[in-house]
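Q: Residue strings, one per chain:
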Amino acid sequence: MDTATADAASPEIDTRPEAIRVAGLHKSFGDLEVLKGVSLTARQGDVVAIIGGSGSGKSTMLRCINFLETPSAGQIVIGGEEVAMRPDGSPANQKQIERIRTRLAMVFQQFNLWTHRTLLENVIEVPVHVLKTPRAEAEARARQLLERVGLAGREDTYPAYLSGGQQQRAAIARALAVDPSAMLFDEPTSALDPELVGEVLTVIRDLAAEGRTMLLVTHEMKFAREVANHVVYLYQGRIEEQGPPAEVFGNPQSERLKQFLSSVA
Amino acid sequence: MTGLLELLGLGASAELLSLSGWGGNLLRGLVNSLQIAFGAFGMGLVIGLFGAYGKLYGGKVTRDLLAIYTTVIRAVPELVLILILYYVGSDIINKISAAMGGGRVEINGVAAGIWVLGVVQGAYATEVLRGAIKAVPTGQIEAAKSYGMPAFMIMRRVTIPAMMSFAVPGLANLWLIATKDTALLAVVGFNELTLETRQAASSTRAYFTFFLAAGALYLMVTLCSGVVFARIEKWARRGQPSLKGGTA
Chain A
0 MDTATADAAS PEIDTRPEAI RVAGLHKSFG DLEVLKGVSL TARQGDVVAI
50 IGGSGSGKST MLRCINFLET PSAGQIVIGG EEVAMRPDGS PANQKQIERI
100 RTRLAMVFQQ FNLWTHRTLL ENVIEVPVHV LKTPRAEAEA RARQLLERVG
150 LAGREDTYPA YLSGGQQQRA AIARALAVDP SAMLFDEPTS ALDPELVGEV
200 LTVIRDLAAE GRTMLLVTHE MKFAREVANH VVYLYQGRIE EQGPPAEVFG
250 NPQSERLKQF LSSVA
Chain Z
0 MTGLLELLGL GASAELLSLS GWGGNLLRGL VNSLQIAFGA FGMGLVIGLF
50 GAYGKLYGGK VTRDLLAIYT TVIRAVPELV LILILYYVGS DIINKISAAM
100 GGGRVEINGV AAGIWVLGVV QGAYATEVLR GAIKAVPTGQ IEAAKSYGMP
150 AFMIMRRVTI PAMMSFAVPG LANLWLIATK DTALLAVVGF NELTLETRQA
200 ASSTRAYFTF FLAAGALYLM VTLCSGVVFA RIEKWARRGQ PSLKGGTA
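If you're matching them up, the sequences are chains A and Z in order. If you read the first sequence in numbering that gives the first Met the number 0, its first letter stands for residue 0, the second for the next number, and so on. If you read the second sequence in numbering that gives the first Met the number 0, its first letter stands for residue 0, the second for the next number, and so on.
Source of the hints: derived by calculation from the structure; they are not laboratory data. Predicted, not measured: the structure shown is a model, and the values here were computed from it. By construction, the Cβ of each residue, glycine as well, lies at the ideal position given by its N, Cα and C atoms. One thing to keep in mind: the hints can contain errors.
[Unchecked claim] Not the full set, but computed from the structure, chain Z residues with beta-carbon under 8 Å of chain A:
#1 Q139
#2 S145
#3 R156
[Stated by the list, open to error] Computed Cβ-Cβ distance ranges for the label pairs, DEER-style:
#4 Z:A150 to A:D30: 28 to 34 Å
#5 A:Q74 to Z:T70: 45 to 51 Å
#6 A:Q43 to Z:A150: 26 to 32 Å
#7 Z:S241 to A:L260: 44 to 50 Å
So here's chain Z without its partners, still in its complex pose (with noise of 0.2 Å):
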C-alpha cells in the first residue's frame, strides 16, 4: 500500500492525510457538518410540515405569515440568512441572559448550525410537502373521512403515507442541499468540513491535497444518500406499478 503511493508520487499526501494529523481534523469536521445537517434537514421537515398544512388549511392570518416566510427565505441568499440569524440569534440568546442578569452566553456551534440551516430548510420543505399533500387524491381522504377517522388520524394515516410517494424526490435534494449548506457555515467560524479543510490547506501550504480530499468526502456523502434515498423512495412508492414496466 505504502510502496503503491510512494510509486504514485502519493506519499507526501498520504502522510498530510493521515488520521493523527490534518486527516482526523478533516474527519471530525465531516462529523459536524454531518450532525448539522442531519439536525437542520429534520427541522426543516417538522417546519416544514407544520408550514404545509398551515398553508393549506390554515386561516387567513396563518397562510399569510407563511408566505411571507417562505418567500423572504427563499428570496434571499442562503449566506446573507446565515449571517443575519447567526448573530441576530446570538444577539438574543444574549440580550436574554443578560435581562436575566446573567452573562454572555457561549453559543454551541452544533445547535447554531441546526437552527440557522433549519430555518432555511423549513422554507423549501415546506413547498415540497405542501405540493405532496396537494398530489394525494382527494378521494383517498374522503374515503377516511367517510368512515369516520378524526383529522390527525387521517394526516398520520392517509395523507402523510400517501405523499411520501410525491415528496421524496424532492427531499432528497432538500437532504442534499443541506449537506452543502453547512459549508457556508465557515462564514461563522464554524468548524465544520471545509473550514477544517481551509486550516488545513493554509497552514500546510497543500491547497490541492486538502480540498480534493473535502470534494472526495463530499462525494461520498451524495453516493452514500443516494442509495439510502433510492431505498426510501422504493419504499414509499410501495403499491405503485413502476413507470418503467407500463401498466400491470
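So here's chain A without its partners, still in its complex pose (with noise of 0.2 Å):
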C-alpha cells in the first residue's frame, strides 16, 4: 500500500522528498475555530485528496497553505523550506510567502481568471512578470498548455466568452505554466454545471497520471477514489479519518464518515 502521508502507519520506507507538510495548523476566524489542529504531509507525486462536509475546514485549509489566509497557529513547510511565522501566524517575510507562492499553483472554484486578459495574456502573466520569463518562451509555452486543455484557437479569446468548463482548464493551463512544484485544487467543479464536470476532471485526472503533486479538495467522491492515493477526511476542522481511498471509501471507521459517505453517495 502507497504511505502517502508521514501521519500515516510507516512513513520511514518512503523516500520520496516532501512537497507540502503541515502540522499543528491551526486558525480562528474571531471566536470561531475553523482548525483545530491540523496536520498533514504530501510528498512529490501524491494526489491527495480532501473531502468534508460544509463547513469542515477543508477550504481554509487548503487556502492557509498558501497564506491566502493567515494561519491562527502551526508550521507550514514547502518543499522543505518553512515558512517563517510570527507567533501570531502571520507571515513574517512577505518575500519569503511570495516566492513559496509562485511554486504552489493554485485552482479556485470560481476559476478567477483575469477578465481583462485574453486566455493567452492570462496563461503568461504569471511568468512573464513574476517570473520573469522571455515573453516569446511564455507565449509559445502557453499555447501548448492551452491546446493540451483543449483550448486552441481560444487563446485570444476573452474568459467571460467562454463555458466555465472552458475557464477552468484555463485556470488550470494558467497553473501549468508557472510550472509547479504543487498544485492545490478548491472544489475546481463544484461551480460548473453538471455536464461541465467531465471535461475538468479529464484534464485533473490526466495531471495526476503523470505524477504531479497535488492536494484537492473536492466532493467529486468517485473522482477521489480513483486519482487520489491518499484520502483525508476532515470534521469540524480535525482530521476525523485519513488513508489510501480503498480503505477510507471502501472501510471507513468513524461513523462520522459513514454517515458523510452515505450522504454524499
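Two chains, two frames, a set of hints: combine them into the complex.
A: Laid out in C-alpha cells, this is it:
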C-alpha cells in the first residue's frame, strides 16, 4: 500500500522528498475555530484528496497553505523550506511568501481568471511578470498548455465568452504555466454545470497520471477515489480519518465518515 | 461665406469674433481653460488613486485624515474653496519666500488653477476610484496573490486595469466638471475662457455674440470629450460582453 503521508502508518519506507508538510495547523475567524490542529504531509507525486462536509475547514486548510488565509498557529513547510511565521501566525517575511506562492499553483472554485486579459494573456501573466520568463518563450509554452487542456484556437478569447468548464481548463493551464512543484485545487468543479464537470476532471486526471503533486479539495467522491492515493476526511476542523482511498471509501471506520459517505453517495 | 453671413445679418458678429481680434482672445482663454482642466484632472487622478488606496487599506489615522479631506472638500461650495485655496496658497508661498529673504512672488495662474481645482477633483476622484476598486471581484486579486505577485504589481497589473471599467463613467463626469469649473477661476482674475469672454463682451457691448461663442466652445469641448471617453470606456470594458447583446 502506498504510504502517502508521514501521518500514515510507515513513513520511514517512503523516501520521496516532501512537497508540502503541515503540522498542528490552527485557524480561527474571531471566536470561531475552523481548524483545530491539522497535520498532513504530501510527498512528491502524491495526490491527496481532502473531503468533508461544508464548514469542515477543508478549503480553509488549503488556503492556509499558500497564506491566502493567515494561520493562527502551526507549521507549514513547502519543499523542505519552512515558512517563517510570527507568533500570531502571520507571515514574517512577505518576500518568502511570494517566492513560495510561485511554486504552489492554485485552481479556484470560481476560476478567477483575469477578465480583462485574453486566455493567452492570463496564462503568460505570471511567467512573464513574476518569473521573468522571456515573453516569446512564455507565449510558446502557453499555446502548448492551452492546446493541452483543449483550448487551442481560443488564445485570444476573453474569459467571459467561455463556458465555466472552458474557463476552469484555462485556469488549469495558467497554473501549469508556472511549472509548480505542487498544485492546490479548491473545489475545482463545484461551480460548474453537471455536464461540464467531466471535461475538467479529465484534465485533472491526466495531471495526476503524470505524477504531479496535488492537494485536491473536492465533493466528487468517485473522482477522489479514482485519482487520489491518499484521502483525508475533515470533520469540524480535525482530521477524523485518513488513508488510502480503498480503505477510506471501502471500509470507513468512524461513524461520521460513514454518515458523510452515505449522505453524498 | 462672407456673403452668407451678411445675408443672415451676422457680419458684425463674424468681424467681432475674428481670430486677430476678440475671437483670438477667446481661443487663448479656451487653451488656458483646457490646460488647467487637464492638469487638475491629472492631479485629481493621482490624489484619487492614493486616496482610494489609503481609504481602503490605510491605517486608522490615514483613513480619518482622508475622510476629513473628502468630506470637507465635497461639503464646501467650489467657489468658496477656490477663493480659500487660492489666497491661502499664495499667502503661504509668499510667507515662505519672505522667510527665505525673497520678495513677493508672482503666482503663475495656470499652476495656481491646477493646484486649486486638483485638490477639489482629488476628493471626488478618491470616492470614484474607491468604489471602482471595491467593485473588482476579490477572486481576481486573490488569484494574483496566490501566484506570488507583490502588492504593487497586483495594483498595476490586476486591480487598476480591472477597476477601469467601473471607474471610467465617473471619471468622465469629473473631467467635464473640471472643464467647467475652470470658469470659476475667473473670480481670482485668471484669464480663462469665461473671463476673456466677459472682457470681450463688456468692451464691445456684444454680450450675446461673445457668450454664445463661449457656450459653443464649451459645448465643443464636451462633445469631443464624449467621443474620447466612449473610446476609453470601450477599451476598459474589453473582455466584458455588452449588456445590450445579452449573454454571449
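Q: Now look at each hint and say whether the structure bears it out.
A: Hint-by-hint comparison with the structure:
1. Q139: At 6 Å from the nearest chain A Cβ, Q139 (chain Z) passes the 8 Å test, so the hint holds.
2. S145: holds, 4 Å
3. R156: holds, 6 Å
4. Z:A150 to A:D30: 28 to 34 Å: holds, 29 Å
5. A:Q74 to Z:T70: 45 to 51 Å: holds, 47 Å
6. A:Q43 to Z:A150: 26 to 32 Å: holds, 31 Å
7. Z:S241 to A:L260: 44 to 50 Å: holds, 46 Å
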